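Enquirer: All chains should be modelled from the sequences, with the hints used to inform the complete structure.
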Amino acid sequence: MTHVITVISRDAQLPSHTESEVQQLICAEVDPSPKKKVLSSRAVEYEVKIDNDDDVSRITSFLKQKQLESTTYDIILQKADRTKKMVVFDMDSTLIYQEVIELIAAYANIEDKVAQITERAMNGELDFTQSLQERVLLLKGIDSTSIWDELKLKLEITNGAVELCKALKKLGFVLMVCSGGFIPLAEHLKQKLGLDYAFANQLGVDENQILDGTTQGYIVNGEKKASLLTEIAGKHDIDTKQVLAVGDGANDLPMMAAAGFGIAWNAKPRVQQLAPSCLNSKSLRDVLYILGYTEQEIEALI
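The sequence shown begins at 1 in the working numbering and counts up by one.
Do not take every clue at face value.
[Unchecked claim] The list that follows gives simulated cross-link-like pairs (lysine-lysine, BS3-like), each with its CA atoms no further than 25 Å apart:
(1) K35 / K66
(2) K169 / K66
(3) K113 / K66
(4) K169 / K85
(5) K140 / K169
(6) K192 / K282
(7) K36 / K79
(8) K79 / K113
(9) K166 / K140
(10) K66 / K170
(11) K64 / K36
(12) K49 / K241
(13) K235 / K166
(14) K140 / K192
(15) K170 / K154
(16) K241 / K85
(17) K192 / K64
(18) K192 / K85
(19) K170 / K241
(20) K192 / K154
(21) K85 / K154
(22) K192 / K169
(23) K85 / K170
[What the hints assert, rightly or not] Beta-carbon label-pair distances, calculated as ranges:
(24) L25 / E299: 27 to 33 Å
(25) E295 / A80: 16 to 22 Å
(26) E297 / N208: 50 to 56 Å
(27) E295 / I157: 17 to 23 Å
(28) E297 / N159: 41 to 47 Å
In case anyone wonders, no lab produced these hints; they're calculated from the structure. Note that the coordinates shown come from a computational prediction; the quantities given were computed from them, not determined experimentally. No residue lacks a Cβ here, since even glycine has one placed at the ideal position from N, Cα and C.
Expert: Next comes the structure, spelled out in structure tokens:
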């Protein structure tokens, strides 16, 4: 079976000694005769032959450990057929730098209360749905007619996200944001980045448009993200193997599993361990290297 190993520097260039070290590693542990392709001064890829699924699992784990030990580069193994037609993004800490619930907490001056719920969730005392419901209850009484406009001005789009989405749209991809955050901001991001779909949680309001401390409709948790990915792919007659999922949290792992490939973007160590691949660079634009595009091709797209 033919696979591709992509190596991406987290700095301005991939040092020659690092490239040599990685190539020696690939020759020793994966394939003695890899075919090298230079993608840019920061990225290279190697086409390799791997005999069977057991070897794929072993090599994946080995390379993942090497990446986690590195502070200078990412190394990604995937099947050589990287044909993708759809990308699903998480929003918080992926397409934007911030966590929206923290922005809302600051707006409502309830940071301490939200932090306590976050800590309980991280300790395993609450699942995602429970933690969301408790946080949303704290928002009761806030005027929804003003909060979203203020928060839209505070959103910081992740470096490279604009260029990545522009390139993917030119290539004909279906693009979707699927967030455990809130729909007014997800829709705003959809418009800013030219995405096709936005899914997120809807907050309940009373007759005066005051938040009532509830959510309306389905909760966008990990399982819902996976089912929405499958649903929208089916709507466009796209095989889920041709879908790429990108996110940073544990609740993004189900959609990565449902997709043909997944990328953990600057994620927590546990998520990086469990995700199909990891990207810890400074720009989401680097996703295009993982899809096999050279710098020259990328420049033509953006």
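Enquirer: Now tell me if each hint is right for this structure.
Expert: Do the hints match the structure? See the list:
no.	hint	in the structure
1	K35 / K66	21 Å, holds
2	K169 / K66	33 Å, violated
3	K113 / K66	39 Å, violated
4	K169 / K85	10 Å, holds
5	K140 / K169	39 Å, violated
6	K192 / K282	20 Å, holds
7	K36 / K79	15 Å, holds
8	K79 / K113	45 Å, violated
9	K166 / K140	38 Å, violated
10	K66 / K170	34 Å, violated
11	K64 / K36	20 Å, holds
12	K49 / K241	20 Å, holds
13	K235 / K166	22 Å, holds
14	K140 / K192	28 Å, violated
15	K170 / K154	28 Å, violated
16	K241 / K85	9 Å, holds
17	K192 / K64	34 Å, violated
18	K192 / K85	21 Å, holds
19	K170 / K241	21 Å, holds
20	K192 / K154	14 Å, holds
21	K85 / K154	31 Å, violated
22	K192 / K169	13 Å, holds
23	K85 / K170	12 Å, holds
24	L25 / E299: 27 to 33 Å	30 Å, holds
25	E295 / A80: 16 to 22 Å	20 Å, holds
26	E297 / N208: 50 to 56 Å	53 Å, holds
27	E295 / I157: 17 to 23 Å	22 Å, holds
28	E297 / N159: 41 to 47 Å	20 Å, violated
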